[in-house]
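Following the hints, position chain B against chain A.
Protein chains: 2
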Amino acid sequence: MGHRIPRDLRVTTHVCLTARALGANGLILADVVDTTLEKTILDVCQRFGGVFWIRMGEPWRQAVKEWKSTGGEVVHLTAYGMPLTETIETVRASPCPKLVVVGASKVPGEVYEAATWNVAVTNQPISEVSALALFLDKYLEGKEFSMEFQNAELKIVPSERGKNVLNLAKPEN
Amino acid sequence: MGHRIPRDLRVTTHVCLTARALGANGLILADVVDTTLEKTILDVCQRFGGVFWIRMGEPWRQAVKEWKSTGGEVVHLTAYGMPLTETIETVRASPCPKLVVVGASKVPGEVYEAATWNVAVTNQPISEVSALALFLDKYLEGKEFSMEFQNAELKIVPSERGKNVLNLAKPEN
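In order, the protein sequence lines correspond to chains A and B.
Residue numbering for the first sequence follows the numbering used here, beginning at 51 and increasing consecutively.
Residue numbering for the second sequence follows the numbering used here, beginning at 51 and increasing consecutively.
Just chain A, with the same shape it has in the complex (with noise of 0.2 Å):
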């Protein structure tokens, strides 16, 4: 939510490179759309792999309204609310699916209402980028450490020094 264009294109591209690498299915851009941003994303998505939809533009209310409306849930983040470690089983042992709403600038009022649960990663000024970082490594337990990416073009393989990237897009010779 409360994406500014152009301002906010690096660290919501942040917000959305973090969401797809820890395991979220998907991101909504509230209220805007952002060309630029999108093609960002997809181009990450095609060569790294794996399914991540995004939709923008979609008013926020009625977002929220929608996700509410076929049985999801709706966490926002914010620095006002309840610490995660209090809330993270609580939201955790719920299986409906969960929208995450995190703001670029400031929150309506009207937000903090509309959430089933309001949490804080710290009640500390923050950033969206890490606040959702940690809601996903605590809501999946880590098991988003050993997700695989799909259909990738490019795999990263783990050094002790340097890049070793598999381009398996390419039939070797």
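Some hints could be false.
[Claimed, not checked] The list that follows gives simulated cross-link-like pairs (lysine-lysine, DSS-like), each with its CA atoms no further than 25 Å apart: (1) B:K156 - A:K89; (2) B:K205 - A:K213; (3) A:K115 - A:K156; (4) A:K205 - A:K89; (5) B:K89 - B:K188; (6) A:K193 - B:K205.
Since the hints were derived computationally from the structure, they do not count as laboratory data.
Then chain B, alone, in the frame of chain A:
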């Protein structure tokens, strides 16, 4: 490392806020001085308390060399490194002070050699902000969530809905 003025101001601000909120003692901005960044972070420290130092403009080679010469170790976070889940216990087991290196832009190959460990927070394109957050969380084993920030002017009181902030600087009448 690799902070570009003004291009990386927002993302590097998120790196600093994440470092502070999740228990780092301070931050070295390598090679450049960004007074706008410094002002933002010092302002957060003033309002929300705690001790967090910032040093700017030191050439990265010098900063890394000095860190190591006083018995410190260097953890370079990079998607090309060894998985966090496999390395974190070794890193944590060593009692030496840790310098965590993240790059805002491409990092010179020399850094991979200079690092004690090259650690990957997933082998996917992610964000230096979320990589730092997850590294600090695993390194500190969640202890960062119960930290107290001393001498704060503002203190957020966790709420299920809305915002509750205590102003400790203003004596009550």
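Evaluated hints:
With a CA separation close to 20 Å, the supplied pair K156 of chain B and K89 of chain A stays within the 25 Å bound. A hinted pair counts as satisfied when its Cα atoms are at most 25 Å apart, and K205 of chain B with K213 of chain A does not qualify at roughly 44 Å. The suggested pairing of K115 of chain A with K156 of chain A holds, with an alpha-carbon distance near 20 Å, which does not exceed 25 Å. Restraint check: the Cα-Cα separation between K205 of chain A and K89 of chain A comes to about 20 Å, which is no more than 25 Å; the hinted pair holds.
Taking the CA atoms of K89 of chain B and K188 of chain B, the gap is about 29 Å. The hint is violated against a cut of 25 Å. Of the pairs offered as hints, the one joining K193 of chain A and K205 of chain B is violated, with about 34 Å between alpha carbons and a cut-off of 25 Å exceeded.
Consistency with the previously given hints fails for numbers 2, 5 and 6, ordered from lowest to highest.
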